[in-house]
Amino acid sequence: MAVHTGCKPHSCLICNKPFARRSQLRQHLLIHTGKRPFVCDICGKAFTQKPGLICHRKTHPGPHPPLPVMPIADIVKEFTEGYVQEINARENEERIEEEA
1 MAVHTGCKPH SCLICNKPFA RRSQLRQHLL IHTGKRPFVC DICGKAFTQK
51 PGLICHRKTH PGPHPPLPVM PIADIVKEFT EGYVQEINAR ENEERIEEEA
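Per the UniProt record's numbering, the sequence shown starts with residue 1, numbered consecutively.
No wet-lab data here; the hints were simulated from the structure.
One thing to keep in mind: the hints can contain errors.
Unchecked claim - Distance condition first, Cα-Cα at most 27 Å in a straight line; then the derived DSS-like pairs of lysine-lysine: (1) Lys58 with Lys35; (2) Lys77 with Lys50; (3) Lys45 with Lys35; (4) Lys58 with Lys77.
Construct all of the structure, not just a fragment, from the sequences and the given hints.
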């Protein structure tokens with residue numbers, strides 16, 4: 001198991017930070033998207049990652065309903081595809097400039 005061996009085969013496309021689990025990488029990629037999909041149901045404050053919301057909710061007194069499941073796969077997929085297209089376009093421009 002990669003987690004126990006220290007092996008981190010999943011790397012971020014943007015900052016090259018390595019992760020043992022693909023789910024950790026997907027969660028990390030939200031930082032680069034600039035989106036804040038985790039919203040406090042009490043005051044509306046938004047967070048990039050779920051742990052930030054969990055910590056924040058503790059500042060509100062009283063009982064809290066369970067957090068809804070937040071599917072982040074679509075956000076990560078959209079961002080990753082756009083990033084790859086941007087890199088490819090940049091490389092094509094550089095190739096054209098070199099040939100000219």
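Structure-based check of each hint:
1. Annotation: proposed proximity of Lys58 to Lys35 holds, straight-line Cα distance about 22 Å (limit 27 Å).
2. At most 27 Å may separate the alpha-carbon atoms for a hinted pair to count; Lys77 and Lys50 meet this at roughly 18 Å.
3. A hinted pair counts as satisfied when its Cα atoms are at most 27 Å apart, and Lys45 with Lys35 qualifies at roughly 13 Å.
4. Taken as a hint, the Lys58 and Lys77 pair is broken in the structure, with Cα atoms around 31 Å apart against an allowance of 27 Å.
Of the numbered hints listed earlier, the single one contradicted by the structure is hint 4.
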